[in-house]
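*Asks:* Take a look at the letters that make up each chain.
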Amino acid sequence: MLRVILRRLLIAIPLLLVASVLVFTVMHLTTDPTAGLRVNPRVSAADMARYRHDLGLDRSGPAQYLAWLGNFVRGRWGTSLFTNIPVAGQIREALVNSIALGLTGFAIALLVGVAIGVIAAVRQYSWFDYLATGGAFVALSVPIFWFALMLQLLFGLYLVRWLHLEQPIFFTAGMVQPGSVGFDPLDRVRHLALPAIVLAVQLLAVYSRYMRASMLEVLNSDYLRTARAKGVRERRVIVHHGMRNALIPLTTQAAIDLGGIAGGLIATEAIFQWPGMGALFVRVMGDGDYAVALPWIMLAMTFVIVFNLVADLLYAVLDPRVRYA
Amino acid sequence: MVAPRYESTLNSNGGLLVRGVIPGDDYLEVEVRRSKNLRRFCRLAVVAMIALVAAACGSDTGGNGGAAAPVEKRGGKVVFAAEQWPECLSPITSCANASWLPFTAWEHVMPRLMEVDPKGNYIASDLLVEAPTEENGGIKADPFTITYKLLPEAVWDDGSPITSQDVRFTWDAIMKTTGTITTTGYDQIKSIDTSDPKTVVITFKAPYAAWADLFGSTSINGVVLKKAAFAGKVDLKDEMQTSYSFSGGPWKLQSYSQQQLVLVRNDTYWVKDKIPNLDQVTFVPRTDQTTELNSVLTGEALAAYPQPSRGMTRQLKAPGVKYAAGAGNTFEGLWMNLDRFPFNDPTARQAFVSAMDRQAVVDAIYKADFPDLQVLNCAGWVPTVGDWCDNSAFTDVGYQPDKVKVLLEGSGWTKGGDGIYAKGGRRFSVEFNTTAGNTVREDTQALLKEKAKAAGIELLIKNFPPTQLFQDKLPKRDFTLAEYAQVASPDPSVTAILAGDQIPSVANGHSGQNFPGWNNAKATALMKQSDQTIEHGRRRALIQQINRLERQDLPWLPLVQKPLILTWRDDRLAGPIGAYTATSYSGFFNMYDWSLK
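Top to bottom, those sequences are chains A and B.
Number 993 in this note's numbering belongs to position 292 of the first sequence; there are no gaps in the numbering.
Number 275 in this note's numbering belongs to position 271 of the second sequence; there are no gaps in the numbering.
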């Protein structure tokens, strides 16, 4: 097992390097950090030349990349090309915000999705099963942005009007009440709710389908029949014996999804103005700010690689039939 | 072995009764009771929902103030939506190029020397006794010198006086900061005399007509910084990224993050009737326009300054919501590459503009939302900014298919079987570029294409993402016809975008903004002369000459002034809201005069 882990981590290093080269090359060829200045009549050609020199943009692409890489491997993430704000701080703040949103949505999706999947499997072909199946297909088909906007209108406008509320039950954008200071848990929950619901709905649909399919497979297995024959209570049969095995495929999928949180939730964050990794990515890619984009890519890829490894290891832990050489 | 058959029913307790039956054999019955924990959870969930609704019903002193708050002239906290978010706060390095930085931050917090009124004319700011003129000795010709007299009572928020040293320091900082965004104009200053703390005497190397833009107006780095706030530093590349430690305006910056920017009243502001009525204004990013407008409709934000789009005014027709719109200082144009077929032929350009139905564009695309908008007939200036544009130079340019026919057929073009003119085997077919995803521009293209086709000219629409258009296609002059916007500054200089030495090329590293490649020696000389002409009347005459030369050569065709719109909750806010909607300062400029109802 240790050898597997080490091998995967070692393979990850060239992967990360290749990814950083690719991203830098694409950004270097397609974006110009000084583009906004080119169409400003108050910025002369001399200003442009001096500005590019100050930012180090008059060096060749390879020189810029190697300078960045040299600093990065020494733990010096530097500052944004434009703002001189430390990159590490920006990414840390965005990552924390994305994790808060991602984990909340993920937790809701996992808990509710598993429950729905189990009940739908146990009560196969019941009205609940049909409702859950239909709901899952609707959730998978509905565009995220449309759903998010409908939720904003529902909670921000219509419920406020119908119930004559002073404020929405759940706020429709941002992370905190504007103008507030300090940490207010209830305020945070009210801001987190809608984006978490949007995120959860998509994952929930997938997880409920996964769970239902897995449960149906195990429900008819011999060992469950034996457990029942031995007099084990049905709830224990389902939860302790059935679910535990049915969760294996879902666990690995969930681990992979967790790794994707660091990559940001671009659409959800954009609509709800959640300053997470997705929003940061969109901004810096558009600006051509490779000083922030490259560490972002490295971090996001690291998360994906690590959580893919976790998923593989979990599979071996949960299923004793699986062993890595 | 026969597999058992399972049946399930509900029993009288509400629990699930599962019976396993093997045909011909006995059965096993198991009751699955509804979990006590499940009941407890349901009760907790109901209590939590009641708590949330109660929280929503309760009044809140933060944010929007609430309709139940008492009507008051003074005090209160409000939230406004910002469609773009400044990435940092520095007014002199790269973030300064973002228009929403002054809209939300420094124009409310930092003092400036000259200002621009709603009609686009330079006026003295609150910092000055009066605007420098030749009559009051504030402008001297030789050497060219501008003398500003600062108000004795003008102070920073800590009570220390704003002095000429602060202006001198600002100049040093702009010139010496790593990554300073522009030194244009500041590099024309020879010296700044600060012997009198309340008098700033700026001596220039040569007459500089755009002097009023320096340390003020609406320009990038148009601020006065507080020298004492920077502990002797002159290179401010790391300063003012996320905070300002001083204020010389009606507001003070309390905090800034990626989630909000908070301004609070500056009670030490020396202009007493501009001390804000409101206690606090919080700007929040709402970069998705639908979310931005929703936030006003829901009342989460009380005002917004969105980019106008088609149908927006219909969305804003809601109870309690009002908007003010007007023609802004940005104008759309059709820019031709004068080094590419067919626009390398002046006659072809004349014919082309006669195939462009500008009036139809205004009527079909803009009038429904902005009924006062008109076709723009000045090439580089707008009627609402100063008096440089009398909106007459291009009035003879209209949709005239007959004129197209006469011009083209008179210079050897013939109409093909497809209805498109051709000459020397080449059709009058033009690739037409603009920013992809901009529905207003795309609609404009579609309309112009139809009209042009009827006149015998083909437009092939091919659009690019803004970054590609402005970073690649235009600087490399890899286009034939493009639609994009320019800004009409209070200072009328168009040298940067139209002078012959501003054409981007491989030789100069693609710098310069004269993308059409207009190289008219007389026009260039007039532009340079105008940049050094101080007397308003003479300068205006030079500008008119440049305008006429543009009409003659037609390097581009003005279309329309882009409208600007401010929307707000009229049921919550009071005051002269909307007065600055169509200015370069944004509609928020006079928010010191706004109050809660």
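Bear in mind the hints are in silico, worked out from the structure with no lab data behind them.
Please note that a few of the clues may not be correct.
To be verified - Negatives, chain A to chain B, calculated, CB over 12 Å:
(1) VAL705
(2) LEU723
(3) ASN772
(4) ALA789
(5) MET986
Unchecked claim - If the Cβ cut is set under 8 Å, some of the chain A residues that face chain B in the computed set are:
(6) LEU717
(7) GLY737
(8) LEU738
(9) ASN741
(10) PRO742
(11) VAL744
(12) MET749
(13) ALA750
(14) ASP755
(15) GLY757
(16) ARG760
(17) GLY779
(18) TYR826
(19) GLN853
(20) THR873
(21) ALA874
For glycine and all other residues, C-beta sits at the position ideal for the given N, C-alpha and C.
*Asks:* All hints are to be evaluated individually against the structure, with a verdict given for each.
*Replies:* Results for each hint:
With a least CB separation of 39 Å from chain B, VAL705 of chain A remains clear of the 12 Å interface cut-off, as annotated. Against chain B, the non-interface label of LEU723 of chain A holds: every CB pair exceeds 12 Å, the least being about 18 Å. The claim that ASN772 of chain A lies off the interface holds: its Cβ sits roughly 17 Å from the closest Cβ of chain B, which is beyond the 12 Å cut-off. With a minimum CB-CB distance of about 14 Å to chain B, ALA789 of chain A clears the 12 Å threshold, and the non-interface call stands.
Listed as outside the interface, MET986 of chain A is inconsistent with that label: its C-beta sits roughly 9 Å from the nearest C-beta of chain B, within the 12 Å cut-off. Hint status for LEU717 of chain A: violated, given a least beta-carbon distance of 26 Å to chain B, over 8 Å. Contact between GLY737 of chain A and chain B, as hinted, is supported at the beta carbon level, the nearest pair being about 5 Å apart and thus within 8 Å. Satisfaction of the interface hint for LEU738 of chain A is found here, the shortest Cβ-Cβ separation to chain B being roughly 6 Å, below the 8 Å cut-off.
Taking 8 Å as the C-beta contact cut-off toward chain B, the hint placing ASN741 of chain A at the interface holds, the least distance being around 6 Å. Restraint check, PRO742 of chain A versus chain B: the minimum CB separation of about 4 Å is within 8 Å; hint holds. The interface hint given for VAL744 of chain A holds, since its Cβ lies 5 Å from the closest Cβ of chain B, which is under the 8 Å cut-off. Against a cut-off of 8 Å between C-beta atoms, the interface hint on MET749 of chain A holds, since the closest Cβ of chain B lies about 5 Å away.
The beta carbon of ALA750 of chain A is positioned within 8 Å of a beta carbon in chain B (closest approach about 7 Å), and the interface hint is therefore held. Restraint check, ASP755 of chain A versus chain B: the minimum CB separation of about 4 Å is within 8 Å; hint holds. Among the interface hints, the one on GLY757 of chain A is violated; its C-beta lies about 10 Å from the nearest C-beta in chain B, farther than the 8 Å criterion. A hinted interface residue such as ARG760 of chain A counts as satisfied when its beta carbon comes closer than 8 Å to some beta carbon of chain B; here the least separation is about 14 Å, so the hint is violated.
Using the Cβ-Cβ criterion of 8 Å, the hint placing GLY779 of chain A at the interface with chain B is not satisfied: the shortest such distance is roughly 12 Å. The restraint placing TYR826 of chain A at the interface with chain B is violated, with a minimum CB-CB distance near 12 Å, outside the 8 Å limit. The restraint placing GLN853 of chain A at the interface with chain B holds, with a minimum CB-CB distance near 5 Å, inside the 8 Å limit. Because the closest C-beta pair between THR873 of chain A and chain B is about 6 Å apart, less than 8 Å, the hint holds.
Given hint, ALA874 of chain A at the interface with chain B, holds; its Cβ is 5 Å from that chain's nearest Cβ, closer than 8 Å.
Violated hints for the displayed structure, listed by number in ascending order: 5, 6, 15, 16, 17 and 18.
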